[in-house]
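Engineer: Spelled out, the chains give:
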Amino acid sequence: MREKLLRNLARLAYRYPWWILGIAGIVTILSILISQNLELSMRWSDLMPENDPRSIEFNRVLEKYKSASSIMIVLKGDEQHIKAFAEEAALSITEISASFNGEEEELIKRVTYKEDEDFLRRNGLMLTKTKDLENSKDMFSDVSLLPLMTHINDNLERTYIYSDDEEKLSNREKSDNAIHYLDGLKYWLQTMESYTEDTEVSRDRVLSAADRLLIGDLHFISYDHSMLMMLAQPSFPVTDAERGKIACDSIEAILADVGQKYPGVETGLTGMLALARDELVAVQSDMNYLSFVALFLILVLFIVSFRMWVAPLFAVAVLIVGVVWTMAFATLTVGTLNIMTAMFAVILVGLGIDFSVHIISGFAENRGKGMNILKSAEQTLLKAGPGITTGGLTTGIAFLTLMISDSRGMHDFGLIAGGGVIICMVAALMLLPPFLVIRERRQERRGRSTTYHPPEFRFIGAVAETFARGRVVVLAVMILLTGFFAYHTFQLAFDYDMLNIEPKDMASVIWYDSLMAAYDMSPDYALVTSSSLDSMRIIAHRAKDFPNIAWVDAITEYLPTNQDQAERGEIIAEIRTELEKHPTATEISTSDLDAILDELHRLWMNVVEMSDMAFQAGQDRLEGKTYELSANPEIAGSPDYIQGIIEKLKEDPTAALNALNRFQEDYFIYFRKTALGMTAPEPISLETLPESITSRYLSDDGETYLVSLFPEQDLWNMDNLEAFDRQLRSISPRATGTPPLFLAMIEIIGNDGKRATILAFITILVLLFLDFRRIDLTLMAVIPLVAGTLWMAGLLHLTGQKLNVVNIEAIPLILGIGIDYGVHLIHRFRIEGRDRVKVIFSSTGKAIMLSALTTMIGFGSLSFMTHRGMASMGVLLFIGVGTCFLTALGLLAPVFGKERTVNR
Amino acid sequence: MRQKTAIIFFTLWALSPTLAQELTGDQIIERVDEIMNPQQMQAEMTMIIETSSGELREFVYQSYSKNHGEKNLMRYLKPSKLRGNGTLMLNYSDDIWAYFHKTKRVRKLAEHAKRQKMEGSDFSYEDMGSGNAFVMDYAAERLEDEKVEGIDCYVVELTRKENSDAGYSRLIMWVDKSNFVPLMLDYYDLKDAELKLKYLTMSDVEVIQGIPTPKRMVMTNTLDNSQTMMEINSVNYEVDLDDNLFTERGLRE
Numbered sequence: 001m002r003e004k005l006l007r008n009l010a011r012l013a014y015r016y017p018w019w020i021l022g023i024a025g026i027v028t029i030l031s032i033l034i035s036q037n038l039e040l041s042m043r044w045s046d047l048m049p050e051n052d053p054r055s056i057e058f059n060r061v062l063e064k065y066k067s068a069s070s071i072m073i074v075l076k077g078d079e080q081h082i083k084a085f086a087e088e089a090a091l092s093i094t095e096i097s098a099s100f101n102g103e104e105e106e107l108i109k110r111v112t113y114k115e116d117e118d119f120l121r122r123n124g125l126m127l128t129k130t131k132d133l134e135n136s137k138d139m140f141s142d143v144s145l146l147p148l149m150t151h152i153n154d155n156l157e158r159t160y161i162y163s164d165d166e167e168k169l170s171n172r173e174k175s176d177n178a179i180h181y182l183d184g185l186k187y188w189l190q191t192m193e194s195y196t197e198d199t200e201v202s203r204d205r206v207l208s209a210a211d212r213l214l215i216g217d218l219h220f221i222s223y224d225h226s227m228l229m230m231l232a233q234p235s236f237p238v239t240d241a242e243r244g245k246i247a248c249d250s251i252e253a254i255l256a257d258v259g260q261k262y263p264g265v266e267t268g269l270t271g272m273l274a275l276a277r278d279e280l281v282a283v284q285s286d287m288n289y290l291s292f293v294a295l296f297l298i299l300v301l302f303i304v305s306f307r308m309w310v311a312p313l314f315a316v317a318v319l320i321v322g323v324v325w326t327m328a329f330a331t332l333t334v335g336t337l338n339i340m341t342a343m344f345a346v347i348l349v350g351l352g353i354d355f356s357v358h359i360i361s362g363f364a365e366n367r368g369k370g371m372n373i374l375k376s377a378e379q380t381l382l383k384a385g386p387g388i389t390t391g392g393l394t395t396g397i398a399f400l401t402l403m404i405s406d407s408r409g410m411h412d413f414g415l416i417a418g419g420g421v422i423i424c425m426v427a428a429l430m431l432l433p434p435f436l437v438i439r440e441r442r443q444e445r446r447g448r449s450t451t452y453h454p455p456e457f458r459f460i461g462a463v464a465e466t467f468a469r470g471r472v473v474v475l476a477v478m479i480l481l482t483g484f485f486a487y488h489t490f491q492l493a494f495d496y497d498m499l500n501i502e503p504k505d506m507a508s509v510i511w512y513d514s515l516m517a518a519y520d521m522s523p524d525y526a527l528v529t530s531s532s533l534d535s536m537r538i539i540a541h542r543a544k545d546f547p548n549i550a551w552v553d554a555i556t557e558y559l560p561t562n563q564d565q566a567e568r569g570e571i572i573a574e575i576r577t578e579l580e581k582h583p584t585a586t587e588i589s590t591s592d593l594d595a596i597l598d599e600l601h602r603l604w605m606n607v608v609e610m611s612d613m614a615f616q617a618g619q620d621r622l623e624g625k626t627y628e629l630s631a632n633p634e635i636a637g638s639p640d641y642i643q644g645i646i647e648k649l650k651e652d653p654t655a656a657l658n659a660l661n662r663f664q665e666d667y668f669i670y671f672r673k674t675a676l677g678m679t680a681p682e683p684i685s686l687e688t689l690p691e692s693i694t695s696r697y698l699s700d701d702g703e704t705y706l707v708s709l710f711p712e713q714d715l716w717n718m719d720n721l722e723a724f725d726r727q728l729r730s731i732s733p734r735a736t737g738t739p740p741l742f743l744a745m746i747e748i749i750g751n752d753g754k755r756a757t758i759l760a761f762i763t764i765l766v767l768l769f770l771d772f773r774r775i776d777l778t779l780m781a782v783i784p785l786v787a788g789t790l791w792m793a794g795l796l797h798l799t800g801q802k803l804n805v806v807n808i809e810a811i812p813l814i815l816g817i818g819i820d821y822g823v824h825l826i827h828r829f830r831i832e833g834r835d836r837v838k839v840i841f842s843s844t845g846k847a848i849m850l851s852a853l854t855t856m857i858g859f860g861s862l863s864f865m866t867h868r869g870m871a872s873m874g875v876l877l878f879i880g881v882g883t884c885f886l887t888a889l890g891l892l893a894p895v896f897g898k899e900r901t902v903n904r
Numbered sequence: 001m002r003q004k005t006a007i008i009f010f011t012l013w014a015l016s017p018t019l020a021q022e023l024t025g026d027q028i029i030e031r032v033d034e035i036m037n038p039q040q041m042q043a044e045m046t047m048i049i050e051t052s053s054g055e056l057r058e059f060v061y062q063s064y065s066k067n068h069g070e071k072n073l074m075r076y077l078k079p080s081k082l083r084g085n086g087t088l089m090l091n092y093s094d095d096i097w098a099y100f101h102k103t104k105r106v107r108k109l110a111e112h113a114k115r116q117k118m119e120g121s122d123f124s125y126e127d128m129g130s131g132n133a134f135v136m137d138y139a140a141e142r143l144e145d146e147k148v149e150g151i152d153c154y155v156v157e158l159t160r161k162e163n164s165d166a167g168y169s170r171l172i173m174w175v176d177k178s179n180f181v182p183l184m185l186d187y188y189d190l191k192d193a194e195l196k197l198k199y200l201t202m203s204d205v206e207v208i209q210g211i212p213t214p215k216r217m218v219m220t221n222t223l224d225n226s227q228t229m230m231e232i233n234s235v236n237y238e239v240d241l242d243d244n245l246f247t248e249r250g251l252r253e
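Quick mapping for you: the protein sequence lines, in order, are chains A and B.
If you read the first sequence in our numbering, its first letter stands for residue 1, the second for the next number, and so on.
If you read the second sequence in our numbering, its first letter stands for residue 1, the second for the next number, and so on.
Chain A on its own, in the form it takes in the complex (with noise of 0.2 Å):
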């Protein structure tokens, strides 16, 4: 059947050769047409199985909430020149907008880097917990500086030192509300010092000081003041891989424009949109590139083998073919490739060509023998072409046995690459025949002939008919070094850090690194969605609870309950009260002066106190801003600020005196104004909400909200990554994001790894079996593939390498192809019989020694990725091939020399 079907595509190549190409072409211009809308997305979630309901609520998420996709902009720099930066940059980001289909469309929905500056100047009080409240309502009494003093230190030692509640530091919340209280009393102290000095202080800096102290500082900056962090919100879902690139270059072209007028202001971006945008460009860059350069070299290896120029460029064409008609057939099947996925046309390149070298090694050699051109197509295909089918439909198979996978990039890979292989191996079998025929033709009707030159690897030969001698010690030595990297291939860990796998120096990767230092927060976060607000405010305090989860972005920050509305707003009705028996400031007077010193004393105590408790609790934020404001005990010679202050005023009692009413006079009317701007709050309902806030937390059609879960720690890290889990999965069992993500696409893709491996050998064994009919033969042809993929992992573990969510699929991958070796040698070997080792290894061993050459070529290309996780999926393939070519001389040709019972 497979003899008749191969020698009738051979009398078809010869006698209707143009109409075999015409057609071919025809089809491979649809193809690039359909190739056309062949998609390429970095998402890591579009590997998740489509019915996994985690992808399905990330998704779903999403699709409802476009903040929960923001494009993280970094900025760097002096603190009032990012400040300034991102008051420019934001309204130009807002504008941003592209065609599409005619269309003008506005890509960025907001831009958010400070807190709702009107709201919070409305309803700051009512946004403090009761409980701050009360301890902090005597402030708000007098707001003349010896009362104000006072009651600072009180709510202090309320809050922070005295408390009622132990965790105020050694909970994350807590301790930021700390630290921002202190930069808060830092700022105020500063500019109170500031009129003990000659220079004239501005007005802006006075306000600024009393806003700090009552609001704190709405910027989304960072502990050391150094980065502003500014969300812009897309207007279009983040699976929208061509809008998301167009967005995040538009904001680099702005921050670039904007940056010209602060050159020391660095900038840059991050998050889930700007991340995939990096490794989108990356990738494709490097795919074309590496493609055309693996095509390249195996154009010259295929020169330099057959001393010849126009058949490896016919080979080259016929690869080209099969790597089109691939595409179209990736196009209309799956419709985008994946970060699994996209380095199919690469893998192609290095397997793809095994086909024709067989095809136009056997066709060299016929000639080579006088044949004609008829005689050497059909004597081709008959003698490799059973090799071909039969390893090209292995190797084909077992990629498509990937398909049982459970993650969508191990499925998408063995539809790809399995149809890719089949495909190559059509084109090949098709078109390379008619080629050489033309070609033959067109030489005979000049009247010349083509000289082929086989490529004569001689040595293979001689080493082959070498082992066969020497087979005990040969078979010896091959069982020992397959023991001695079995051995190691147990020792192969799998690197669970993500961090490794993606493209090195990649700018999203360093500003995500520089964010999470600065921020002390990993920018990768987990999103709950409820429909209640009831349900939002049980799943936020659970949250609170847990000590990795750094922050918690909820609705309900801005919108207490009813009950605690009403509990403060009679406490804001007393500070209300208050401020209104003390419209004027009372004048300092010297005692008022004793009076404050005593008070700064009070509070250098207060400051130390917490420094000691943060000390204890190990904060170390918190005990390093303890140190701005009093001496660090570790470091000789350490400033302690607040004493500063107090012996400066001490130095002149006078001049301290008129400073201080000074400061006094200055901030006393806008102090108590913006307090009680504070103290008549319209009741807070999500209707009232400015829209600033509800559309960070609330759905596209306002029907359900969603709060976002920031983790501490670096999610990078396996062991921070499943503790984060564990809490989440006690927080709510819908929670989503990428986080919950990573951790099930590593355990599905390792199963899947697994499951594929097993699936793809047990094929390859049916497979075999049913090309043979005959255990012995079928064993011969797997052992050393087995050998081959053991020396392969414990080559890995010897040169320092480990296993990685990507480079996994490589074993079931290296299965389907090293098995081709040895399958194209039995075939040989049941042709020529024993004893015929050199004549074996000479011809077809050559031919699969240049197949692996070329297949090396092509997955070694891969190892120039930027991408490291594609990178060292070329590395481990690279090694794969070369042992199991080797393994496949090293066993075979001492069992060829032994082999007695094949008849010839």
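Think of the hints as simulated: they come from the structure by calculation, not from any bench.
Note that the structure is a prediction, hence the values are computed from the model and not measured.
By construction, the Cβ of each residue, glycine as well, lies at the ideal position given by its N, Cα and C atoms.
All clues stand as given, with none of them false.
List of simulated lysine to aspartate or glutamate pairs, EDC-like, C-alpha gap at most 20 Å:
no.	chain 1	residue 1	chain 2	residue 2
1	B	K196	A	D725
2	B	K104	A	D154
3	B	K81	A	D620
4	B	K108	B	E70
5	B	K104	A	E599
6	B	K102	A	E157
Computed, partial: chain B to chain A, Cβ under 7 Å:
no.	residue
7	I49
8	S52
9	K102
10	L223
Following the hints, position chain B against chain A.
Structural biologist: Leaving out everything else, chain B in the frame of chain A:
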């Protein structure tokens, strides 16, 4: 002398295999309670915590305990930043005071502070000084015996009693059959009884003055992977501690 006799008698009783096999969960926990909460104790301890930036920080303090853990006092010896600071825990940690040496001020913590983390460690005040809480706050149920690193252990599940103010929904304890030292202890979240918060391992058990004493304790927080290690540098069970030591004045001295 009476105390010594009591300890010897108790140890012999505890080591009796015939009796031990018949023990119920409550009986096992009572013996654990006796071992872990001696009448009086003075010890120098080292505690190592992990700070928020991932660095290890070492504290050395003197610890005093009286009335089977009802009264506890800790006084920092190292590092120099904290030298002289102290913590007083009375009524099985229901009342807690902290003293700051540099400012000479004492602060009182709230009653519920006992559930909170102690000094940034993975131990809570409750873990450190709640004395007979295993007996008072939890109902014990004996589970099937298991081995921990080759040592035969009783396994007891402690479930929080209603109206108790214990900070955990349940505990699972692996108790060395030979000396009633708990070798491992799992702590479960108060709100989610399936969520394991942390686990304690005790090792390097030495019999000191007749009392089996685990000299090394490691608390591992399963939520954030942090660890706190505590080691007993020296211990003396045969001290006579004055009640005045366990007062605000004693805390300041």
